[in-house]
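Asks: Protein sequences, first through last, are from chains A and B. First residue of the first sequence? That's 41 in the numbering used here, and the numbers climb one at a time after it. First residue of the second sequence? That's 2 in the numbering used here, and the numbers climb one at a time after it.
Keep in mind the hints are simulated off the structure, nothing from the lab. Just so you know, these numbers come straight off a predicted model, no measurement behind them. Built from N, CA and C at the ideal position, the CB exists for glycine as well. Hints should not be assumed to be uniformly reliable.
Partial chain A-side listing against chain B, Cβ under 10 Å, derived [said to hold, decoys possible]:
1) 834
2) 842
3) 922
Over 10 Å on every C-beta distance to chain B, these chain A residues come out as not near it, computed from the model [what the hints assert, rightly or not]:
4) 137
5) 302
6) 488
7) 902
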Amino acid sequence: MWRIALRSALRAPGRLVLTALAVAFPVAVLGSTLLFVEHAVQDMTSQSLTPVQVDMRALATSLDVDMSQVRTRLQGVPGVQSVDLYGAADVIVDAPGASTRLSARLIAVDHTYFEHHPWVTAHGDPSSGALLNGGLADAAGFASAKSISLELRGAQRPLGLEIPVAGTADVRLAANTWFAIPAGDVQGDVAVTPRALVVDYQWFAKNLLPELRARYGGPAAVTNPGLSELPPASVENHVTIKRSAIPADPAEASVASSAFRRLLERQAPGEILVADNDVEPLTEAAGDATNAKLIFFLIGIPGALVAAALGLAAASALAAAQRHEDDILRMRGASEGQLGTLIVLQSMVAGLVGIALGLTASVGVVSVAVGTSAWHGISTARLLVILGAALLLGSVNLSARLLALLRVGRGPSGASRATTSASYRPLWLRGRLDVVLVFLGLAILGVNLASGGLRLPLLDTDHQNQTLALAFFVLLAPLALWVGLVLLAIRGWLALLSRRSTPDRARQLTTWPRTAVRWLGRRPGRTMVTLTLGSLAVAFATMVMTFTATYQSAKAADARAAFGSDLRLEPATDRPTPLPQLGPGVASTTPVLYLPARAGSDRKTIAAVDPTTYSTTVTTQPELISGRGAPALAGDPKAVVVSEEIKRDFDLKLGDTLPVTIYPDDLDLTDKLDLHVAGVFRSFPPDDPFSEMVISIHAIQPPVPPADMFLAKTTNDPRVVASRLNGSDLAQAFTAMTLQDAARQRQRSLTALSLGGLSRIEALAGALVAAIGVGLLGAFTILERRREFAVLRMLGASTRQILRPPATEGTLAALGSVVTGIPIGVGLAILAVRVLGLFFTLPPPLVLVPTTSLLVLAAMVLAASGVAIAAVLHRVSRIDIAPLLREP
Amino acid sequence: MEPSSSPPEPAILARGLTRVHRLDRRELRSVDDVCLTVARGEVVALVGPSGSGKTSLLHLLGGLDSPDSGSVSLAGTDWGTLTADARARFRRRTCGFVVQGDSLLPQATAAENVEVPLLFDGVPAAERKSRVLKALQQVGLAEEAAKLPDQLSVGQHQRVALARAMITQPAVLLADEPTGSLDSHNAEGVVELMVRAARERHMAVVLATHSPEVWARADRILHLHSGRLAVDPANEVP
Chain A
41 MWRIALRSAL RAPGRLVLTA LAVAFPVAVL GSTLLFVEHA VQDMTSQSLT
91 PVQVDMRALA TSLDVDMSQV RTRLQGVPGV QSVDLYGAAD VIVDAPGAST
141 RLSARLIAVD HTYFEHHPWV TAHGDPSSGA LLNGGLADAA GFASAKSISL
191 ELRGAQRPLG LEIPVAGTAD VRLAANTWFA IPAGDVQGDV AVTPRALVVD
241 YQWFAKNLLP ELRARYGGPA AVTNPGLSEL PPASVENHVT IKRSAIPADP
291 AEASVASSAF RRLLERQAPG EILVADNDVE PLTEAAGDAT NAKLIFFLIG
341 IPGALVAAAL GLAAASALAA AQRHEDDILR MRGASEGQLG TLIVLQSMVA
391 GLVGIALGLT ASVGVVSVAV GTSAWHGIST ARLLVILGAA LLLGSVNLSA
441 RLLALLRVGR GPSGASRATT SASYRPLWLR GRLDVVLVFL GLAILGVNLA
491 SGGLRLPLLD TDHQNQTLAL AFFVLLAPLA LWVGLVLLAI RGWLALLSRR
541 STPDRARQLT TWPRTAVRWL GRRPGRTMVT LTLGSLAVAF ATMVMTFTAT
591 YQSAKAADAR AAFGSDLRLE PATDRPTPLP QLGPGVASTT PVLYLPARAG
641 SDRKTIAAVD PTTYSTTVTT QPELISGRGA PALAGDPKAV VVSEEIKRDF
691 DLKLGDTLPV TIYPDDLDLT DKLDLHVAGV FRSFPPDDPF SEMVISIHAI
741 QPPVPPADMF LAKTTNDPRV VASRLNGSDL AQAFTAMTLQ DAARQRQRSL
791 TALSLGGLSR IEALAGALVA AIGVGLLGAF TILERRREFA VLRMLGASTR
841 QILRPPATEG TLAALGSVVT GIPIGVGLAI LAVRVLGLFF TLPPPLVLVP
891 TTSLLVLAAM VLAASGVAIA AVLHRVSRID IAPLLREP
Chain B
2 MEPSSSPPEP AILARGLTRV HRLDRRELRS VDDVCLTVAR GEVVALVGPS
52 GSGKTSLLHL LGGLDSPDSG SVSLAGTDWG TLTADARARF RRRTCGFVVQ
102 GDSLLPQATA AENVEVPLLF DGVPAAERKS RVLKALQQVG LAEEAAKLPD
152 QLSVGQHQRV ALARAMITQP AVLLADEPTG SLDSHNAEGV VELMVRAARE
202 RHMAVVLATH SPEVWARADR ILHLHSGRLA VDPANEVP
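Just chain A, with the same shape it has in the complex:
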């Protein structure tokens, strides 16, 4: 039977190919979507870990623990790339000639540390002495000191410990590790101390550690869960994990990271606590990956659905041809069972070919879109899941086709009758599925709106909000509205055609083209199926393209707000100098300072700006929820504009007093400020780095510390100005950065997602679905109306007159798909875009209609449909009428 099935399938290669393509198309759309999603998500792990400087910090539970021995044990753990010794302590520093002693943070590292952690710029060899940071080196009396002396804060007796000065170290980029609270409830909060020195770990272990043990003894401060300051002394191992040992999927990586932390702790039970710096960004990335998958499914699932529907429509066309073949086989004595088996086997042959074709196409398309092999970096298990999903869709599609074939084998197909007869009343029309779906979609939106919109008050984290909103709001409502609105539009088309085509004695034929439209209204089935498929496809492609355009626009606006202005000038060293004149091309500059602060028991960052120059220099003005922004700061030196989060956490109202302590970890600079809440912001550029509060620079007691950066507004291309500045003497003191430079640096994994590739794939699929739908309509036309064409020829119709009705129907289907699909797609995009508000700091625009892209889409649909129509008309014009007129 297999041989017979294979032979009969090969004898009708056109039907085999069409069946295979009907299965291949949805498989390709689903497969490429899933593969693309996997690729996008795989990048999130590495992207989220990029800012992490030290993966794991093994903290000694007691200063008595020998961390050299612990390091040897940790180095033996599979997956560990390197382990470096690290020690830190609060010290009092003095220099011969200095007028006053200063507090500072002493950091001790071994000689390999800088190789493994290149984010510290050292000028000098720590094994020869201490390297001073800018804050210490610039202090009065320290600049020319050959050596410095160290004491412990609050010690009973002087240490008398001296160490030569061996150079300088710029430790600004080390803040997230060296000045981050290593354990406890506020783990990761940064406690910046302006003065620091770096020494060799061996010197530290020999000369200072015994004193620290004597001074602090017993359990180390890191074991205190309520730790809210940098521990006065700690010894640690900084562990770097091989990136190859971290799973590519962020959710899996997050779980693996926690397991790895426990594995490290088991190497020295009781002696160390391991702080996992990877788990938080990985958890956030895992949440982002979930959201990304939902976004991609929003984009991809409708494509797979409409492609599957197209496959079923194709199956219906093939079923009629199959019936003819079955009749011949019946006449030759084949039983119903044998016919059924033959159909199943033939379908399996075509289905297997189709699934293979679909998977090959999806791998090819994704490889082109991502610029590397589609399976690169994806685990075998994930690939198997994708393969399984594609196989399942292919099998479901094949099963539906089989059912249609077997049903046709027992008599005329109901579906076929329904679409060809004059009284076209499909099930969805009778059951009012369009109205039900539109109502369902609106009801979901209504419930969502009534329960607080996208930020449900019942949920306490943004992450949950996003997942919930994406799952129910973005996915379900637009899907229901997508299908419902398209079917509603088809109902409208049907009503319109019906009004113009009701048989009426008084209504005479006018012209042949109008006659073609009138007759279409009396048998709209096939055209309406095509129009439905085409409209669904065009609406879906429009939604994807519009959503993507709005997403890109919101992303660009967010990036501009994060950057703040045309240029940033950041000090090239940690020993800042005043900003000199920048010359031509720069219209204005404004300084920005980031002040460590404490509000209540929370550590916060305050941005201090100069209100007089701020507004004229930033390119994106602050987005305020209430109150006023920069003008308020200009009018009141004690005014503060707070973030939404601060307003909520501290239950603040406009006019409230908010006491804060700036420089809480620096005995010399610390100051208490009573600030007045003047406004609440959603965005106060520059948003990166983020600060929870913004004050005027004039609120700080002189001497005002040097600016952390300057924003500059340019009068011509910022890239040209930046290039000029970086090539001038200014480069020794400042580095000029453009928006493009900053965009290459850290951004949140979800907003870094590139939807462009998938958007192009899905738009192409949408256009193809519409065009293939028109082609199918043509196939049905040739199959079902050959005798009618022969009769028209017999009545004296010219070739042009014969071709008019199929051309009219094809054109109406193609044009109708565009006219129906594009407005519905734009409307759906407006809904889908609402969720973007969760991912961006600035609210996204209502919708950004990508006019050119949509015109290209419409042109693609019409051109591809035109090709299909032309092929059909060519076939119709070559029909041999004599044999057809013999048929009963």
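Please arrange chain B on chain A, whose structure you already have, making use of the hints.
Replies: Frame of chain A, contents of chain B only:
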């Protein structure tokens, strides 16, 4: 070109008509060296067993098929000299056709079915209206004008088809088994319509039929066997 404008010329003139069908490697001559002349106003019955080539001959006479050899002229015009579109134009003005089985356009009402050839020919709307009404009245279906084919009986179908074939007042009417699916009452009515048209409008009528009742109304009966006509002096080419 008008049927009434060239009375001396035969309505149909066929010479050495041959049509060969190739099935696998065999050749089947459905029409074999047929010569035929039909005068205006003459009713000719084409008889013969099934498969004898009656339908093939009608298709060749009506220009729906092309002969492998030989020629056919209708009202003095040789089908072989016309392009596809010129044939269509010539056919709708010169040759009415009633094919075997149902040939009505299923999406068109009875009136629209009859009106279509006039629409193709660019006849003004007012004239079309009156001619369609008259044609339907002649076949007794004026009341059914707005009905779709699936609302009409088989006999009514055949009468609409006949009205449609005669609406352009052609010089020639070709009918393939026009009474094949009709009861005797309906059959008689349909044949009467054709004979009356032949007499009143000088229309040449060629009927392929198995029905002895139809033979009885014909002026001449031609026997076809295996694609060849039995010898008939009237078929001699002048």
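Asks: Against the earlier hints, flag every one the structure doesn't satisfy and list their numbers going up.
Replies: none
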